[in-house]
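Given the sequences, and given the hints that come with them, work out the whole structure.
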Amino acid sequence: MTDKIQITIDGEEHSVTPGQQLIQALWEAGVDTPNFCYHEDLSIAGNCRICLAEVEGPRGWGLMISCHMPIRPGMNVRTQRSSEKVVNARKGVMEFQLVNHPLDCPICDKAGECKLQEHYMSDGRGESRMRDDIGKQYAGGPDHQSCDRKGQTRGGKHIDLGDRVLLDQERCISCSRCVRFMREVAGDEQLELASRGDHTYITTFPGEKLDHEYDLCTTDVCPVGALTGKHFRFQQRVWFLKKTNSIVPDDSLGANITIDYNEGQREGAPEYGVYRLMPRRNPDVNKSWLHNDSRMLYTQLTENRLTEGLKHGEPCSLAEANTAMSAALASAKKIAIVASGHATNEDNAAVLALLEKLGDRAELFGGSWLAVGEGDGIARSGDPVANRRGCELLAIPDNLDQLCERVAEFDCLLTVGHDLWAADAEKAVALEGISERLVFSAWKDATASRATVAMGVRAWAEVRGTMVNCNDRIQMLQACPICPNDELMSIWEAVSELSGVEWDSAAAWKAVKARVPQLADVSYRSIGALGQQLVSEAAVAASAESAEV
Numbered sequence: 001m002t003d004k005i006q007i008t009i010d011g012e013e014h015s016v017t018p019g020q021q022l023i024q025a026l027w028e029a030g031v032d033t034p035n036f037c038y039h040e041d042l043s044i045a046g047n048c049r050i051c052l053a054e055v056e057g058p059r060g061w062g063l064m065i066s067c068h069m070p071i072r073p074g075m076n077v078r079t080q081r082s083s084e085k086v087v088n089a090r091k092g093v094m095e096f097q098l099v100n101h102p103l104d105c106p107i108c109d110k111a112g113e114c115k116l117q118e119h120y121m122s123d124g125r126g127e128s129r130m131r132d133d134i135g136k137q138y139a140g141g142p143d144h145q146s147c148d149r150k151g152q153t154r155g156g157k158h159i160d161l162g163d164r165v166l167l168d169q170e171r172c173i174s175c176s177r178c179v180r181f182m183r184e185v186a187g188d189e190q191l192e193l194a195s196r197g198d199h200t201y202i203t204t205f206p207g208e209k210l211d212h213e214y215d216l217c218t219t220d221v222c223p224v225g226a227l228t229g230k231h232f233r234f235q236q237r238v239w240f241l242k243k244t245n246s247i248v249p250d251d252s253l254g255a256n257i258t259i260d261y262n263e264g265q266r267e268g269a270p271e272y273g274v275y276r277l278m279p280r281r282n283p284d285v286n287k288s289w290l291h292n293d294s295r296m297l298y299t300q301l302t303e304n305r306l307t308e309g310l311k312h313g314e315p316c317s318l319a320e321a322n323t324a325m326s327a328a329l330a331s332a333k334k335i336a337i338v339a340s341g342h343a344t345n346e347d348n349a350a351v352l353a354l355l356e357k358l359g360d361r362a363e364l365f366g367g368s369w370l371a372v373g374e375g376d377g378i379a380r381s382g383d384p385v386a387n388r389r390g391c392e393l394l395a396i397p398d399n400l401d402q403l404c405e406r407v408a409e410f411d412c413l414l415t416v417g418h419d420l421w422a423a424d425a426e427k428a429v430a431l432e433g434i435s436e437r438l439v440f441s442a443w444k445d446a447t448a449s450r451a452t453v454a455m456g457v458r459a460w461a462e463v464r465g466t467m468v469n470c471n472d473r474i475q476m477l478q479a480c481p482i483c484p485n486d487e488l489m490s491i492w493e494a495v496s497e498l499s500g501v502e503w504d505s506a507a508a509w510k511a512v513k514a515r516v517p518q519l520a521d522v523s524y525r526s527i528g529a530l531g532q533q534l535v536s537e538a539a540v541a542a543s544a545e546s547a548e549v
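The opening residue of the sequence shown carries number 1 in the working numbering; numbering runs sequentially from there.
It should be emphasised that the hints constitute simulated quantities derived from the structure, not laboratory data. Values in this document were obtained by computation on a predicted structure and should not be read as measured data. Keep in mind that a hint or two might mislead.
Stated by the list, open to error - Computed Cβ-Cβ distance ranges for the label pairs, DEER-style:
#1 E184 <-> P481: 32 to 42 Å
#2 N485 <-> R233: 24 to 34 Å
#3 P397 <-> G19: 39 to 49 Å
#4 S505 <-> R149: 54 to 64 Å
#5 D132 <-> G57: 40 to 50 Å
#6 F240 <-> D198: 31 to 41 Å
#7 D486 <-> A330: 36 to 46 Å
#8 L103 <-> S505: 42 to 52 Å
#9 C147 <-> I107: 14 to 24 Å
#10 E84 <-> Q6: 21 to 31 Å
To be verified - Taking lysine-lysine and the DSS-like style, the derived pairs with C-alpha atoms no more than 30 Å apart in a straight line are:
#11 K115 <-> K150
#12 K91 <-> K115
#13 K157 <-> K230
#14 K287 <-> K311
#15 K513 <-> K357
#16 K91 <-> K157
All C-beta atoms, glycine included, are put in the ideal place defined by N, C-alpha and C.
Rendered as structure tokens:
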């Protein structure tokens with residue numbers, strides 16, 4: 001554990017973590033300090049000046065920007081709590097920020113999560129000194145300026161930067177967060193600050209557009225409404241949105257997200273609908289970033305859902321599908337069960353329990369035919385099988401190709417949360433040689449369409465469970481109340497019901513722990529919002545040996 005150092009804040013001593021900037025130390029000490037340009041996962045720019053604090057130095061007290069000042073033992077600091085100079089300086093900064101900012105909060109998508117709004121309420125609240133005969137000198141590039149009905153020059157409104165992002169130049173406060181993100185994180189400098197002084201504006205290079213697989217992250221880091229995503233624009237007021245913590249299911253890094261939802265988006269939708277997925281900061285996983293493809297997964301939660309059962313392609317109730325599955329398993333001579341790295345550990349533990357109940361009549365298969373690519377070092381590992389490591393810890397084999405070679409041995413196939421035909425149709429076609437094909441799926445996908453019996457289950461955003469990422473970090477998915485049919489069960493519930501075992505959430509987790517020694521001291525509480533790093537198998541073995549001695 002890193003030793004703390006002592007600094008004095010507003011006359012009181014505080015123990016803070018060394019190696020931080022002053023703004024971080026102030027936050028750690030519980031002192032609210034505003035910021036626009038500072039971002040924990042970007043380089044320091046120090047250009048907005050709103051984080052001013054008084055620091056005692058060799059020449060006495062002076063105003064300093066706290067984002068650009070490393071802390072040192074014995075540092076003496078005054079904040080807005082004890083210094084009128086800090087209060088007045090921040091009010092002056094806010095006045096400069098607002099003097100050219102448009103008053104279009106009622107139509108701005110950032111309203112409700114805008115730092116300019118938030119900091120005005122705490123550090124502004126000054127009477128306007130704007131002269132009506134002069135008006136605002138709106139920022140914006142000359143190529144996109146216009147004249148409003150009052151004869152005032154306006155900055156560029158809703159400029160189409162590319163396929164996903166719109167820019168409102170006059171809202172920009174030149175914090176440079178988006179520029180630094182594209183340069184430092186994305187590694188592709190597509191945005192830049194042009195011109196100087198109060199004429200500065202954000203733009204792309206001439207003839208170029210903003211086009212990057214992480215470009216929507218620029219809308220996240222923008223502290224005002226200058227950059228907005230087209231997919232969310234004018235869809236919902238952010239203060240109406242509810243949030244559920246989860247992780248993305250399309251990559252084995254397991255980027256942390258919030259699922260933002262509210263009442264249903266369209267006629268026939270469930271009570272609640274998802275409006276966006278937002279990156280949730282986890283410094284040990286994806287920091288503050290989220291790939292565009294992962295961000296847009298919410299659109300699939302209402303598309304082509306399997307909300308009932310299917311028998312030979314014809315709709316049936318969930319109860320009828322369960323009865324048909326039970327009958328098929330009971331009459332089968334040899335059953336192939338395919339577990340899935342797209343399912344949670346709890347789901348696969350239920351599959352293993354079913355396998356044990358069926359005994360010698362059943363054989364387990366696992367793995368994936370999806371191609372594994374290169375990681376990008378940002379929020380993706382390149383492996384699209386989110387819980388591959390969890391399957392390995394549960395001792396699920398990687399042997400799908402063997403199943404294709406041995407189809408003649410089986411008269412029943414049970415596929416759990418795995419779209420084999422979409423992954424590789426050429427290989428999967430061999431499985432059509434198995435007469436009974438049972439499928440648990442959240443979507444009417446290619447595998448469900450080839451099933452003799454298919455049963456709908458809950459999707460990844462509608463379940464609570466765990467996955468282990470590619471770095472041996474166990475993380476939680478949490479259930480968001482958006483399920484299109486309340487009768488749908490999670491995979492582990494549906495499979496345990498098929499087994500004739502009455503599991504609850506505690507029993508499902510207990511079954512996972514019983515199979516993985518590294519989870520002995522892990523609980524849902526210890527996993528928490530940011531996950532828990534697992535100890536190595538060697539460390540578990542060494543601990544067991546020492547206990548025996």
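| request: Hint by hint, work out which the structure violates, then give me just those numbers in ascending order. | output: The structure breaks hints 7 and 14; every other hint is satisfied.
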